[in-house]
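Trainee: If you're matching them up, the sequences are chains A and B in order. Under my numbering, the first residue of the first sequence is numbered 1, with each subsequent residue one higher. Under my numbering, the first residue of the second sequence is numbered 1, with each subsequent residue one higher.
Keep in mind that the hints are not guaranteed to be accurate.
Result set (DSSO-like, lysine-lysine): computed pairs, CA atoms no more than 27 Å apart in a straight line [stated by the list, open to error]: (1) A:K133 with B:K719; (2) A:K54 with B:K700; (3) B:K425 with A:K116; (4) B:K37 with A:K90; (5) B:K72 with A:K138; (6) B:K378 with A:K138; (7) B:K255 with A:K116; (8) B:K719 with A:K138; (9) A:K133 with B:K4; (10) A:K133 with B:K72; (11) B:K132 with A:K138; (12) B:K311 with A:K138; (13) B:K255 with A:K133; (14) B:K136 with A:K116; (15) B:K719 with A:K54; (16) B:K132 with B:K311; (17) A:K133 with B:K132; (18) B:K119 with A:K54; (19) B:K329 with A:K111; (20) B:K124 with A:K116; (21) B:K719 with B:K700; (22) B:K72 with A:K54; (23) B:K37 with A:K54; (24) A:K138 with B:K255.
Bear in mind the hints are in silico, worked out from the structure with no lab data behind them. The structure presented is a predicted model; accordingly, all values stated were derived computationally and were not measured.
Residue-level listing of the chains:
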Amino acid sequence: MDESMLSSQELAEERRKAADEAAHVRYLNPGDFIVFEQDGVFRLTLPDDRTYLKFSAYRTFPLSMPEKYISLRSDMDEIGMIRDLSDFDKGTQQIIRELLNRRYFVPRVLKINGAKERYGGMVLDVETDRGRKLIITKSLHESLSENAAGRCFITDVEGNRYEINMDDESSAEVVTWIQQRI
Amino acid sequence: MLVKEAIPQQINDKAGRRLDGSEIRIAASSDLSIDGKLTETWLLATDKRLVVIGCNGQGPDVLHDYDLSAIKQVTCDSQIGNGFLDAVVDGQTVTLLRYSSAQMRKFGAVAKQLDALSKGDEPKPDPEALPKRCPKCNFPLEQDSTVCANCTRKHQVIIRLLQYAKPHWKTGLFVLLLILGDYVLRLLPPYLQKVLVDDIIIPRKSDLLLPVVITLASAGLLAMFSSMIHGRLGAWMGSRITHTIRMALCEHLEKLSVSYFDKRQTGAVMARVNQDTAELQRFLADDIYFFIGNCFYLIGILAMMLHLNWKLGLVALIPAPISAFMTLKVMRGLRRVWRRFWHRRSRFGAVLNDSLSGVRTVKAFAQEEREAARLTAKSGDLMVAAAEAEATWALLVPSFLFVMGSGAFFIWYFGGLQVIDDEIKLGTLMAVLMYSAMLAQPLTIVIRLSDWLGRVLAAAERVFEIMDTPIEQPDEKKAVRMPDIRGHIEFKDVTFGYQPHNPVLHNITLDVQPGEMIGLVGHSGAGKSTTINLICRFYTVQEGELLIDGVNIKDIHIGDLRSQIGIVPQEPYLFAGTIAENIAYSKADADIEDIIRASKAANAHDFIVNFPDGYETQVGERGQGLSGGEKQRIAIARAILHDPKILIMDEATSSVDTETEKQIQEALSRLVKNRTTFAIAHRLSTLRNADRLLVLDHGKIAEMGTHDELLEKKGVYYKLVETQRELAQMKVVDG
Chain A
1 MDESMLSSQE
11 LAEERRKAAD
21 EAAHVRYLNP
31 GDFIVFEQDG
41 VFRLTLPDDR
51 TYLKFSAYRT
61 FPLSMPEKYI
71 SLRSDMDEIG
81 MIRDLSDFDK
91 GTQQIIRELL
101 NRRYFVPRVL
111 KINGAKERYG
121 GMVLDVETDR
131 GRKLIITKSL
141 HESLSENAAG
151 RCFITDVEGN
161 RYEINMDDES
171 SAEVVTWIQQ
181 RI
Chain B
1 MLVKEAIPQQ
11 INDKAGRRLD
21 GSEIRIAASS
31 DLSIDGKLTE
41 TWLLATDKRL
51 VVIGCNGQGP
61 DVLHDYDLSA
71 IKQVTCDSQI
81 GNGFLDAVVD
91 GQTVTLLRYS
101 SAQMRKFGAV
111 AKQLDALSKG
121 DEPKPDPEAL
131 PKRCPKCNFP
141 LEQDSTVCAN
151 CTRKHQVIIR
161 LLQYAKPHWK
171 TGLFVLLLIL
181 GDYVLRLLPP
191 YLQKVLVDDI
201 IIPRKSDLLL
211 PVVITLASAG
221 LLAMFSSMIH
231 GRLGAWMGSR
241 ITHTIRMALC
251 EHLEKLSVSY
261 FDKRQTGAVM
271 ARVNQDTAEL
281 QRFLADDIYF
291 FIGNCFYLIG
301 ILAMMLHLNW
311 KLGLVALIPA
321 PISAFMTLKV
331 MRGLRRVWRR
341 FWHRRSRFGA
351 VLNDSLSGVR
361 TVKAFAQEER
371 EAARLTAKSG
381 DLMVAAAEAE
391 ATWALLVPSF
401 LFVMGSGAFF
411 IWYFGGLQVI
421 DDEIKLGTLM
431 AVLMYSAMLA
441 QPLTIVIRLS
451 DWLGRVLAAA
461 ERVFEIMDTP
471 IEQPDEKKAV
481 RMPDIRGHIE
491 FKDVTFGYQP
501 HNPVLHNITL
511 DVQPGEMIGL
521 VGHSGAGKST
531 TINLICRFYT
541 VQEGELLIDG
551 VNIKDIHIGD
561 LRSQIGIVPQ
571 EPYLFAGTIA
581 ENIAYSKADA
591 DIEDIIRASK
601 AANAHDFIVN
611 FPDGYETQVG
621 ERGQGLSGGE
631 KQRIAIARAI
641 LHDPKILIMD
651 EATSSVDTET
661 EKQIQEALSR
671 LVKNRTTFAI
681 AHRLSTLRNA
691 DRLLVLDHGK
701 IAEMGTHDEL
711 LEKKGVYYKL
721 VETQRELAQM
731 KVVDG
């Protein structure tokens, strides 16, 4: 095909295809695969190819793009990636969201009921989107980590992680509390 | 011990009917519901049945109830921040419960024990399965620690700290007496000034003037000398005691296992050694005397004021409760803003360090502006925190000082009235005023005792926590001495994971004869490095046995074992010092000829003598930069000099060019002779000389045999060789 006949958008698409091929990333589009539940396990079929008896969904950008660029995997191998979950039908979306919800567990702090300093660490009584919790940290500064996506995480002494979305208006009170300290 | 937690009554009642009163073997609570809510779920199992009970708002509810014979397999599905306990029941996979990452270890053990129960086997106990909590306050304990930060009794820590001061008790007592003397002398001037005003100047008795002034000056002079001496002695003693603590801490750190350091950031451990011991030094050299002295000073001031005029003494104390309240509040507020400032300052430092350390990369990608913007943003944060800290200081401190000094107004008023009415003399009023001004310092210090003590105790507790962490092989007397290892290594059904619930090696069985060379082959993460980590006993085997010359590696004297193992790592670490010192690191008594011989055998001699300083070239931090191949050959020389019975080579030729590789290969072939050798190599061709190749795949032995046997077999090894051949061909074509 004469490349000069292609529009710039088509050229970009061609370049992207070529780049994908070079990096061996298999992007799955709607219709490329079917997901379903059987015997309590989620399975994935690539028509005319194979059925994976168990598959999982991993976020590649869990903080900034939780529903984009999702890697579908079977054991250690990548079956393929999906660019945007919203491009797929409701059933597929539901199964993949369920797999993502299984994989990622980070409660979001909504309210701080009370905070007490104890032996250089903090004891925070918080309300999260998953229920109430007493978070015990060694040192608040060492336990808090921020990232560029405006998210802030508290890791407690047992290794559980809790999220505070610094840009979220609903957690303004929590954000003020944090900002007074870090 | 199987996982068995104390079962709440309502859960017991709910399960009772379904378990028919049989003995409960496993009882484990999770902290999540299946939909991820923070609520309890219980799993109870007898020899025959399994019940899972959820606790929702309406009380306990049975979620699963199975006959154990219907369960075929129980597994853990570890995810991010949480995990699932799954079981195959009548061919269907069922999720029994969900738990947070804090409980992964516990449910790892539960899965294995349930699996065994369902098969009718006796489950293996796992004493480490339950998260450790303080038996008194239920505060989570850190792994490997038995010290509860929450309820460590303050006086116990202080007593332990003072134990270190015991050898210096005479000096300590002398310092204390000097301090008490110092503060007594400080109490004298106001009283003497009262005498001067009331008994000498106003009655015009000039004969007493000089003796009192001389007494006043002498008191000041004595206080000065006393302060100098106790300051010097206190500093000397504090430094000695801290040195003892620091040495004990460093010695203990060196004996801790590799896994201790895996779980912690080196920076945090270093902070404990540096900052926490510095905190203790301040306490032992200065603060403790300062505090005791000020307590005495406070009592002395109050006594003097009450002695001079008890009414005015009480008047001076009117603002004391407000002062105490403000001290607590003001200090807390100031501490918060300053902590924020310090935190932001360290963050700015980290970004600056990052940016400057990576200056070549920054420039290579022309990202100077981006780095400058990143620094500007962090500097802006620091500026805001600094401004707020200073502003808070500027706002709080003057008001605090005003309240602290307000006692003087009351004394002026009530004392003034008493002077006018001739109830007291002017000198008494002046003396009380001076004492009230002196009151602020000791009062502030006594009120802040709790804060100050908390800080010191936290530092002491962090230091003692390291000292209390069990070392690799605590009971050296029971260890089997093996000064002459032959090198016979047996893996018997070994399973191991860095996190016990997540095994990296599965059921490895292998018998290696003395002098045999084994090549370890497999993809990244297959378990090659873990295998050699176990032979070096950097980690302890969790299941199965690893035997050296027929003795379990756990029982062998660790010094004997390590002194007979030599390692040539992928990235050799050179310590700051000369090349000769680095080669002789494994054998401190090696003479110069030994070192040169080893270097020659390692093909290192020629490049070493080319350096201007030869074997005395400084390497390591701030030393001569050596290439990867040069470092590697120094590490080989180190191993040759060490003359080990068991040799480990971990990707020893991975990062060098072909010519250097040839030289290293030559050196290695001299080194491996007559030693039991385990070699990991990225380039499979380098393992051609191995007696046997062990191919690992996902932590299991996939194949074993010689190079030719495995090629013939056309299995995993064959595929790896083919892949490398294709890659090599591609390089030739590209090149």
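Trainee: Work down the list of hints and note, for each, if the structure agrees.
Mentor: Hint check:
no.: 1; hint: A:K133 with B:K719; result: 51 Å, violated
no.: 2; hint: A:K54 with B:K700; result: 21 Å, holds
no.: 3; hint: B:K425 with A:K116; result: 51 Å, violated
no.: 4; hint: B:K37 with A:K90; result: 25 Å, holds
no.: 5; hint: B:K72 with A:K138; result: 42 Å, violated
no.: 6; hint: B:K378 with A:K138; result: 25 Å, holds
no.: 7; hint: B:K255 with A:K116; result: 36 Å, violated
no.: 8; hint: B:K719 with A:K138; result: 49 Å, violated
no.: 9; hint: A:K133 with B:K4; result: 24 Å, holds
no.: 10; hint: A:K133 with B:K72; result: 35 Å, violated
no.: 11; hint: B:K132 with A:K138; result: 16 Å, holds
no.: 12; hint: B:K311 with A:K138; result: 49 Å, violated
no.: 13; hint: B:K255 with A:K133; result: 38 Å, violated
no.: 14; hint: B:K136 with A:K116; result: 19 Å, holds
no.: 15; hint: B:K719 with A:K54; result: 26 Å, holds
no.: 16; hint: B:K132 with B:K311; result: 58 Å, violated
no.: 17; hint: A:K133 with B:K132; result: 19 Å, holds
no.: 18; hint: B:K119 with A:K54; result: 24 Å, holds
no.: 19; hint: B:K329 with A:K111; result: 24 Å, holds
no.: 20; hint: B:K124 with A:K116; result: 41 Å, violated
no.: 21; hint: B:K719 with B:K700; result: 17 Å, holds
no.: 22; hint: B:K72 with A:K54; result: 17 Å, holds
no.: 23; hint: B:K37 with A:K54; result: 25 Å, holds
no.: 24; hint: A:K138 with B:K255; result: 25 Å, holds
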